[in-house]
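Here is how the chains run, residue by residue.
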Amino acid sequence: MSDILKIEPIDNWLKKNNWSFYNHQVETVKLSENGFDVLLVAPTGGGKTLAGFLPSLKDLINNKSEKNKLHTLYISPLKALTIDVHRNLTSPIEDQGLDISVETRTGDTSAYKKNRQKILPPHMLMTTPESLALLLSNKESKDYFKDLKYLIIDEIHVLVNSKRGDLLSLNLSRIQSISPDCKRIGLSATVKNKETVLKFLTSKNKAKILNVKETSFPKIEILETKTRVPWSGHMASYAIEDIYQKIQKSSLTIVFVNTRAQAELVFNKLWQENDNNLRIAIHHGSLEKEIRRKVENLMSLGKIDCVVATSSLDLGIDWGDVDLVIQIGSPKGISRFLQRIGRSNHKFDEPSNAILVPSNRFEYLECLSAIHSIQNKLLDETREKKGSLDVLAQHVLGVACSEPFQVDDLYNQVINAWPYRNLTKTKFLEVVEFVKNGGYSLKHYEQYSKIGLNKDKLYAINNKSVRNRYKLNVGTIVESYMLKVKLGNKTLGQVEEWFIQGLNEGDTFLFGGRVLEYQSISNNNIIVKSTSHTHPKIPSYAGGRLPLSTELSIEVRKLLSKKQFWKNFPNQINEWLKLQSKFSNLPSLNGLLVETFPRLMSGKKRFFLICYTFEGRNANQTLGFLMSKKMLRIGYKPISFVATDYALAIWSMNEVKDVNSVLNEDLMLDDLYEWLEETPLLKKNFRDAAIISGLIERSIPGQKKTGKQVLFNSDLIFNVLKKHEPKHLLLEVAREDSYRGLIDLDRLSEFLKRIEKNITHKKLDRISPLAVPLILEINRQTIDKSEMEEYFLEELENEMLSEVGLN
Amino acid sequence: MKVINFNNHKFQISKEGILFWFDKQIAIIADLHLEKGSSFGPSGQFLPPYDSEETLKKILNTIKDHKIKKIILLGDTFHDKNAISRMSKKVTILFRSLIEKYEVIFILGNHESKFEIGQINFLNEYVINDIHFIHEALQTSVFQISGHFHPVATVKSNIKKITAKCLLHTNNHIILPSFGQYTGGLNITNPVLKPFLNNESKIYMLTKKSIYKFTNKEIEI
Numbered sequence: 001m002s003d004i005l006k007i008e009p010i011d012n013w014l015k016k017n018n019w020s021f022y023n024h025q026v027e028t029v030k031l032s033e034n035g036f037d038v039l040l041v042a043p044t045g046g047g048k049t050l051a052g053f054l055p056s057l058k059d060l061i062n063n064k065s066e067k068n069k070l071h072t073l074y075i076s077p078l079k080a081l082t083i084d085v086h087r088n089l090t091s092p093i094e095d096q097g098l099d100i101s102v103e104t105r106t107g108d109t110s111a112y113k114k115n116r117q118k119i120l121p122p123h124m125l126m127t128t129p130e131s132l133a134l135l136l137s138n139k140e141s142k143d144y145f146k147d148l149k150y151l152i153i154d155e156i157h158v159l160v161n162s163k164r165g166d167l168l169s170l171n172l173s174r175i176q177s178i179s180p181d182c183k184r185i186g187l188s189a190t191v192k193n194k195e196t197v198l199k200f201l202t203s204k205n206k207a208k209i210l211n212v213k214e215t216s217f218p219k220i221e222i223l224e225t226k227t228r229v230p231w232s233g234h235m236a237s238y239a240i241e242d243i244y245q246k247i248q249k250s251s252l253t254i255v256f257v258n259t260r261a262q263a264e265l266v267f268n269k270l271w272q273e274n275d276n277n278l279r280i281a282i283h284h285g286s287l288e289k290e291i292r293r294k295v296e297n298l299m300s301l302g303k304i305d306c307v308v309a310t311s312s313l314d315l316g317i318d319w320g321d322v323d324l325v326i327q328i329g330s331p332k333g334i335s336r337f338l339q340r341i342g343r344s345n346h347k348f349d350e351p352s353n354a355i356l357v358p359s360n361r362f363e364y365l366e367c368l369s370a371i372h373s374i375q376n377k378l379l380d381e382t383r384e385k386k387g388s389l390d391v392l393a394q395h396v397l398g399v400a401c402s403e404p405f406q407v408d409d410l411y412n413q414v415i416n417a418w419p420y421r422n423l424t425k426t427k428f429l430e431v432v433e434f435v436k437n438g439g440y441s442l443k444h445y446e447q448y449s450k451i452g453l454n455k456d457k458l459y460a461i462n463n464k465s466v467r468n469r470y471k472l473n474v475g476t477i478v479e480s481y482m483l484k485v486k487l488g489n490k491t492l493g494q495v496e497e498w499f500i501q502g503l504n505e506g507d508t509f510l511f512g513g514r515v516l517e518y519q520s521i522s523n524n525n526i527i528v529k530s531t532s533h534t535h536p537k538i539p540s541y542a543g544g545r546l547p548l549s550t551e552l553s554i555e556v557r558k559l560l561s562k563k564q565f566w567k568n569f570p571n572q573i574n575e576w577l578k579l580q581s582k583f584s585n586l587p588s589l590n591g592l593l594v595e596t597f598p599r600l601m602s603g604k605k606r607f608f609l610i611c612y613t614f615e616g617r618n619a620n621q622t623l624g625f626l627m628s629k630k631m632l633r634i635g636y637k638p639i640s641f642v643a644t645d646y647a648l649a650i651w652s653m654n655e656v657k658d659v660n661s662v663l664n665e666d667l668m669l670d671d672l673y674e675w676l677e678e679t680p681l682l683k684k685n686f687r688d689a690a691i692i693s694g695l696i697e698r699s700i701p702g703q704k705k706t707g708k709q710v711l712f713n714s715d716l717i718f719n720v721l722k723k724h725e726p727k728h729l730l731l732e733v734a735r736e737d738s739y740r741g742l743i744d745l746d747r748l749s750e751f752l753k754r755i756e757k758n759i760t761h762k763k764l765d766r767i768s769p770l771a772v773p774l775i776l777e778i779n780r781q782t783i784d785k786s787e788m789e790e791y792f793l794e795e796l797e798n799e800m801l802s803e804v805g806l807n
Numbered sequence: 001m002k003v004i005n006f007n008n009h010k011f012q013i014s015k016e017g018i019l020f021w022f023d024k025q026i027a028i029i030a031d032l033h034l035e036k037g038s039s040f041g042p043s044g045q046f047l048p049p050y051d052s053e054e055t056l057k058k059i060l061n062t063i064k065d066h067k068i069k070k071i072i073l074l075g076d077t078f079h080d081k082n083a084i085s086r087m088s089k090k091v092t093i094l095f096r097s098l099i100e101k102y103e104v105i106f107i108l109g110n111h112e113s114k115f116e117i118g119q120i121n122f123l124n125e126y127v128i129n130d131i132h133f134i135h136e137a138l139q140t141s142v143f144q145i146s147g148h149f150h151p152v153a154t155v156k157s158n159i160k161k162i163t164a165k166c167l168l169h170t171n172n173h174i175i176l177p178s179f180g181q182y183t184g185g186l187n188i189t190n191p192v193l194k195p196f197l198n199n200e201s202k203i204y205m206l207t208k209k210s211i212y213k214f215t216n217k218e219i220e221i
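If you read the sequences in order, they're chains Y and F.
Okay, so the first sequence: first residue is 1 according to the numbering used here, each after it adds one.
Okay, so the second sequence: first residue is 1 according to the numbering used here, each after it adds one.
Chain Y with its partners taken away, still in its complex shape:
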């Protein structure tokens, strides 16, 4: 088959290794040569990346491209992936002595190398959406990209329908205006909405989807353990011994967890179990990049037996021969789980091996549902999102940094980007106004405008410092403020500021797989020292929790409602559910089970109300906010609530006697708008939008500002803006993001309609078996911050007054 391609050196390289081309690789080359943009949809391990590069390699080999002209651009959502792909591609090139230069360019690339790349570009450049945006904001960008022939976008499915995708899409459209004939190849994992991904990839009509069917099915099982699955928690400590044994039997295992806290803890526990001195490593996003690189290298050299990792190892990186994937906790989404499973046996036609380890009882049901979904080829659906205006604002400034633009030209370029196809001219002009001077009706900042019309009536940046500041603020990911963890002179990684605020001097915590003692903060560094303690006082820090996908939620509900499925459950789960049905009721498929019971909390009698909705955390959270609001008005004095993926628990000072009064459809419509305006979520989204759009800078040169202060200030700005310009662009963005982030409101509305007249209220005298995990759930959300503060402060003050005998 290989001779069809006529790429002699590559053919030779394949022969030498006893390999041959896959069909889809040949197809990709053919389609591309015939002028098609191609979306290659294939499971992991199908030689997808090579397929993406083949058309470009062939062109470079057969048509001897000129030196120092950028020929191929490869974009991936992960820095690590660019490095991995770089390495894999270099091997045939070096082996065959080809005169093709391949380089990476990411946030980690040195300033020297970046400068050199600017003047002397390689043939092939591998980069990220953010680094691409930066490259395109250079004055010379037009010249730089004008000879571009191929554009490869890896893992494109993770970028669609996100703000990062918006940014990339705008820049793709820009590249198209610079080099209209450049061919595009998108590489995607199996997804439900392929057509959308293709539209995102290219606006050309000459475009095709190449769908590679899976030839093998993963072998997935739930870990059988000697000990019982715990009621709550997310750490799966109960299963460590059994996990360790599985690791021992495999040659290279990745243990995937969902949060960094889990990663630290599981790593620590595995080492406590490690009597056979297995080589176990840890990999997560907070660790210093040198540490991560080191682990990745050891993996590919086969010098490691197991890696405990978060999503930092999710995507298509091929670090060595992984033969087992263990997922701790529910994977929370079918597609994500498939991606993770794909890490094992990275070969196309061999089945992957995966073991699921539920960390609590509800997760057990969830894991069963995940396996069920994969067997039935159900995939998660991502809802389409329209292009965000804060990202557009960032892009408009970026364009102005590279060269003066004409408003109509840029508008046409923007609506050529798939997420922005329906953007009106009026909205676009509003964004340009915003970039210019904040977009206030009070023209206060005219004199400081960032962009303005030049003598040719084109919009240009007003001074060079605008470009420098733009460069510091590129990107759509707004992280919490991070502090560096320093052990002596060595930087171990970063943690969020809020984590450290809860620590006292001498407290010990887990980080990077070791127990550290907190000493002090100096110059935004957290100074720690090593300690001989093996049990840290502060278990670890949360962060990076994933929401449950809609499809999985539905599957769990089905599973629970049909008793015939239960025979496959282990005894302990079966008993739990049976006990529930005896003591209270079981949630039905279409109705809603509500339980109420009194319970002491911190020595005070509280009334709990539990709704078993199984509608996912976001929906439950929204419902929680709305119900609390209603309860507040009726006088039940709600204190707080916990929302999980499965249920909602609200506790109050007074007993809710009439459940129907707080759970009817009109409660949404009445309160939703008003409620949204007051949520911390809206404020958080406003802060993100303010940073992405450039209203607030990520870092102000020469000014030390802590993340906490930025948040505080953005809240103040938010309040003032809401009062004076309620229709401001950024408030619009924040509202839209909030509605989307919360849930589709339609779903909640559907839910309320469905359960109307179908609510079973169980009035209990104590906690039910099903409620136990919820009450144990520690994550607490406040209902209404200001109300909450008043209650609490009054209570606390009264308490203290009586303590000193004044009340």
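Any given hint could turn out to be false.
Mimicking DSSO-like on lysine-lysine, the simulated pairs with C-alpha atoms at most 30 Å apart in a straight line are [said to hold, decoys possible]:
no., chain 1, residue 1, chain 2, residue 2
1, Y, K722, F, K90
2, F, K57, Y, K722
3, Y, K192, Y, K443
4, F, K81, Y, K722
5, Y, K114, Y, K464
6, Y, K118, Y, K471
7, Y, K443, F, K81
8, Y, K637, F, K15
9, Y, K204, Y, K226
Residues from chain F that keep clear of chain Y, each with C-beta distances beyond 12 Å, as calculated [as the list claims (entries may be wrong)]:
no., residue
10, I4
11, S14
12, Y50
13, D51
14, K70
15, K81
16, I84
17, S88
18, E103
19, I128
20, N172
Because the hints were derived from the structure by calculation, they are not lab data.
Glycine residues also receive a C-beta, built at the ideal position from the N, C-alpha and C atoms.
Mind docking chain F on chain Y? Use the hints.
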């Protein structure tokens, strides 16, 4: 309002953060930081330019119902030396009406420069009945009412932590919270505030609805 006895005089703090001395018909306010929002303009950060308007309106609204003749502004009234020149028309009118209606004493803050802001006469300190009105508290035994630190305090319940602006009263010191709309806060656990805190300290936390009094022990350190 809560009553604070200070050097045998009766003061009252409002939940908005204004300290009243009704016997003398005086209102005392700290750290307005007028035009802080617009101060970021030259660097291309266009914050909503409405903070001064909010701040000044809040002062006028809070004191209009009381018999007040004099206002003492404890420094950092202006965020920077060009603040006045950046004021919008509306803000200029509000500011004028404040200084025309009341006798306003301007204490000099570290954000201000004595000779460069408009026609305003800044004082380093102002003394009435042995009480010194200054910008930043000094570690001496004279009775002082000051601002500068923008104190906030955190109390912790078993549910959550709450942080709010606060007034500090310790022996011969009253330190006022910042009043300006865009001003942030410094937690009283910060070492620079240590000299002004002891077991006798009283901390008045200000919320939208009310004022809550705590002692130093009850505050999260």
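Hints, one by one, checked against the model:
The suggested pairing of K722/Y with K90/F holds, with an alpha-carbon distance near 19 Å, which does not exceed 30 Å. Restraint check for K57/F and K722/Y: the C-alpha separation of about 17 Å stays at or below 30 Å, so the hint holds. Between the alpha carbons of K192/Y and K443/Y the distance comes to roughly 47 Å, so the proposed pair goes past 30 Å and is violated. For the hint linking K81/F to K722/Y, the alpha-carbon distance of about 28 Å falls within 30 Å, and the restraint holds.
For a cut-off of 30 Å, the pair hint linking K114/Y to K464/Y stands: about 19 Å separates their Cα positions. In summary, the hint linking K118/Y to K471/Y is supported, as the alpha carbons are separated by about 15 Å, within the 30 Å threshold. Only pairs whose Cα atoms come within 30 Å are accepted, and K443/Y paired with K81/F is accepted, the gap being roughly 21 Å. Distance hint between K637/Y and K15/F is fulfilled; the C-alpha atoms sit about 24 Å from each other, no more than 30 Å.
With a CA separation close to 57 Å, the supplied pair K204/Y and K226/Y exceeds the 30 Å bound. Every Cβ of chain Y is farther than 12 Å from the Cβ of I4/F; the closest lies at roughly 17 Å, confirming the non-interface assignment. The Cβ of S14/F sits about 17 Å from the closest Cβ of chain Y, beyond the 12 Å cut-off, so the non-interface label holds. A cut-off of 12 Å between C-beta atoms contradicts the statement that Y50/F is not in contact with chain Y; the least separation is 4 Å.
Not every beta carbon of chain Y lies more than 12 Å from that of D51/F, the smallest distance being close to 6 Å; the non-interface claim is violated. The beta carbon of K70/F sits about 29 Å from the closest Cβ of chain Y, which is more than 12 Å, so the claim that it is off the interface holds. Non-interface call for K81/F relative to chain Y: holds, since the shortest CB-CB distance, roughly 17 Å, exceeds 12 Å. At the 12 Å boundary, the C-beta of I84/F stays outside the reach of chain Y, the nearest C-beta of that chain being 14 Å off.
Its beta-carbon lying about 6 Å from the closest one in chain Y, S88/F breaks the requirement of being farther than 12 Å from that chain. For E103/F, the condition that its CB be more than 12 Å from all CB atoms of chain Y holds, with the nearest at approximately 29 Å. The beta carbon of I128/F is kept farther than 12 Å from every beta carbon of chain Y, the shortest such distance being approximately 32 Å. N172/F, annotated as away from the interface, keeps every beta carbon of chain Y farther than 12 Å; the closest lies near 24 Å.
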